[in-house]
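Could you build all of it, start to finish, from the sequences and the hints given here?
Now for the letters of each chain:
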Amino acid sequence: MWIERKILAQEIPASAGMDARQLSELLASLGFPVDGVATRGGLEALDVDITANRGDAMSHRGMAREIAAKLGQPLTPIGTPAITEQSPVIEVRLESPACPIYSTAVLELGEGATPQDVQAFLLALEASPKKLPAVDASNELLHRYGHPTHAFDADRIQGAVSIRWAKGGETLVTLDGVTRTLTGQDLVITDEAGPIALAGVMGGEGTKVTEATRRVLLESAWFDPKTVRAVARRHSLHTDASHRFGRGADPAMAVVARDLLVGRLQTWCGAKLVGVWTVGSVPAAEGALVLTEPLLTRVAGEPQSLAEAADALRRLGCSVAIHGDQLSVLPPTWRHDLAIAEDLAEEVVRLRGYEHIPSVLPPLEGPPEPLSASFLQRQRLSRRLAHLGFHQTVTYGFISPEADAPFAAPENPAAGRTLSNPLGQEFSVLRASLLPSLRASAEQNFRQGAREVRLFELAPTYVSGPQGPAERHTLGVVWGGALGGEDYLSPARSVREADLCGIAKDLGWAGLPEVHALGEGLFGFEVPVAELPQAAARIIPTFRPFSRFPVVERDLSLLVDLGQSYSTLAAAMRSALPRDILQDLRCVDVFRPKGLPEGRQAWLMRLRFQADRTLLGEEVDGWVSAALMAAEALGAKLRA
Amino acid sequence: MDQLLPTEILEAGQAFPGALAACGDLDALLRLKGAYVGREGSHAVRLMELLKAAPKEQKRDLGAAINGLKQQWEEGLKARQAELESAKKNLNALADRWDPALPPPTPAQGALNPLNRLMDRLVEVFRPLGFHVEEGPEVETEAHNFDGLNIPEDHPAKASSDTFYLAAHPELLLRTHTSPVQVRTLLRVAPDLTARGGIRFLAPGRVYRKDEIDPTHSPMFHQVEGMLVGHGIGMQHLKGTLEYALRALFGPHTEIRLRPSYFPFVEPGCEVDVSCPLCGAKGCRVCKGSGWVEILGAGLIHPNVLRYAGIDPDEWSGWAFGMGVERMAMMLSQTPDLRLFFENDQRFLKAMGGLD
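Chains A and B supply the protein sequences, listed in that same order. Here the first sequence is numbered in the working numbering, starting from 1 and rising by one per residue. Here the second sequence is numbered in the working numbering, starting from 641 and rising by one per residue.
Some hints here could point you the wrong way.
Claimed, not checked - Here are the computed lysine-lysine pairs in the DSS-like style, where the Cα-Cα straight-line distance is at most 27 Å:
no., chain 1, residue 1, chain 2, residue 2
1, A, K130, A, K272
2, A, K167, A, K208
3, B, K850, A, K226
4, A, K131, A, K226
5, A, K226, B, K798
6, A, K226, A, K208
7, B, K990, A, K505
These are calculated hints, taken from the structure and not from any lab test.
Have a look at this one:
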């Protein structure tokens, strides 16, 4: 919101001597940071950021109130013309509690235009003057005092005016030219022909003030904030008026703003008052709030004097009475945000300045909790993978249905994981798998010229269920491209599926992971983190003795059928060997040299034996032939 | 004496030094040796035959001349052989010598994600104060994401223009902040809060808001939430904790500044600025010359948040803060575009995340 410095200084003369920088610092210390300063037509305006709870601050008067309270300096009194309420010229009926007060007047407009300085003020705020005094005056009042008002062309109003809920299906063409179809939750101003304005949001096209307007009906009311917010949202119509009524305008300003508007029209264009009257009344204030000394002291962080707190609250417009160790506080009509004692404590501390809050470490009242095993496991996994050469990615949790489908189990339908309002179809399904995202990241890296890509992600994947999608932490790993060949010792080769199995094994995955071919030379797997081993509960495991006698190593070169299952063969060989002496049995080479019979391949099997004694050559020979026999039973043959 | 020797021997004798020098290796030298002093067909053999056939009176002089020649050749060959052998030895030594400047095989190097690293760092910073980590699901209920946090039922953040909802479960949404973890945790610990002596935790995680992707917006980003509940907790404790934590993060000379602000789930609320860690508060592009950068939002827990969880706000109070991880990462690294954090280019990850 733009605040023009000259008008601000008219409201709070003490600000006149401050430059833009000083004002910005002062406002920021009060909770109103300044985003920028602009000069338009020789007037300097500050762009002030106002939080959603402070509708009362959305005007020059509002800002002036804050500065006055902080500095303890007086505000300029609002000069209203002497106007006496009269009997209604047009009947006004309040038919909804959402509008408790409606202050109005009818004037006959004379000759004259919006004064130059008011036009310049509006231009400085980026609010374009319409050069229609009734419209510009209403606009100027809004920015200056924060109270939205409206002027209707009185000659276009038919019969009595009502403030009521719209009837479903009624329509209204608003000032922006849009035809609005209304519902029973829309608060409207109507005449006997139908709606003429969306209350507190926008006037109607049919009754708008134009160059031809001779008589105006002024509206200065107060509308329920919640109602205005709902109407503005329903019609996606956010206006200066709806922002202020929606955050809570000052009901006591209804009559004042009407008087100010009348006064301006009389001065600016010699308007003649036809009638001036108010229907309804300012709603009764809520009860007083109680602020106790202990609460104030706790929030402020050090003992506070109640008398000083009372003074601060009074400077903010509250009525305050001190009763013993507590204050009884009635907030001013414009401060709808002061609803509980903590709000009052905040105001006292805020006015004093947050820089005065002491700095204290909170005492520990109980034993600290350890980090959860699951959290530590994920930290450990990511560090391990980073050390294994993998890069941790972060990708969106939602992907396209096409990318999701190939990796989703049939019992995990996408319908249960679909967003109702995605950013786009490509971001519409909570993913069942990390692999589509990892593949996309890998492809992107290859497109960027990467020779080898190693990526992993630790993130939830989603499983549809009756209660909504369940989440489980998942680890996805992809690896592809060329390996080695980048120095004089390491031979070059392509990444293979087996490389991924090695990683899964390194992470403690029992068994074989399902390795997916994700593209040319790109492979990946994913596993639920919960199924990977966690760190052992014991800091140091129980000692298990190991043999100090030498290991005996034997290699067996076997010819086996293509398609022979390695795990079957290895299990068969193992079962033929003494379990406590066989240290290791593994295939260390697979090859198909020329001259091998069709349909066969060679596996070089390495067997390692060790016991708590020196092994004899003959007994090892015996085991090796037993292993060979077991292999032969599966069709293998010793390679000559 | 030379007239006693045939011309071709004389020529061979003259060519010998040149031929010797031209021998580049031991094989060539061997061939030369064969030609001059070999047992068959060599110049030396010819000379001996010459000597045998010579008249008696010439034998003496001819013998001396022949011996002189043979000796000259043999010595020359020997010296050249030693030279060549030594050169070969030197070459062998050179071939065996390892040049450490040759690029060695290097273990593959990966990297943690910079966002995860920053979150882990925050956890480390808060651990000594007794904070642990609480986590919650990304798919949340409206109750946890909004209602339990004193966010009014008609708050604009609830609109489908701001928050993602599930099609099959209209009451479920993607959490818009890590604050629902507050609600879940408080609900869980409320029954034994006294036995625990309050609670203090961090909640790092991914959150979602319906923002179009651009250099400063992403529909998914990370937050770290912090919360502490105890007896008599006030703004001084918030300030004290944040001062400790931000100094641990940015250095001991870091200053912090609290400014009043508003969030529905705290009262009082504040924005927290930190003296610019990049220029030491002298004023730079990052702090826009002000010496301060906004780092997080915080405040004392609103009594309604405690009440929702079944905690008596007359007995207990606390503070909470929330910070945007990407925002902080961008500020600290001066990364110009938020989208880089989600492109997962290995070069970016290596440079920004690295290893521990």
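To see whether the hints hold, each was checked on the structure:
Our distance criterion of 27 Å between C-alpha atoms is met by K130 of chain A and K272 of chain A, whose separation comes to about 21 Å. With a C-alpha separation of about 22 Å, the suggested pair K167 of chain A and K208 of chain A falls inside the 27 Å cut-off, and the hint holds. Distance hint between K850 of chain B and K226 of chain A is fulfilled; the C-alpha atoms sit about 24 Å from each other, no more than 27 Å. Restraint check: the Cα-Cα separation between K131 of chain A and K226 of chain A comes to about 33 Å, which exceeds 27 Å; the hinted pair is violated.
Between K226 of chain A and K798 of chain B, the direct Cα distance comes to roughly 15 Å. Compliance with the 27 Å bound is thereby established for this hinted pair. Proximity of K226 of chain A to K208 of chain A is assessed by CA-CA distance (about 26 Å); at most 27 Å being required, the pair is judged to hold. Using a Cα cut-off of 27 Å, the hinted pair K990 of chain B and K505 of chain A holds, with the two alpha carbons roughly 25 Å apart.
Violation of the numbered hints given earlier is confined to hint 4; every other hint is satisfied by the structure.
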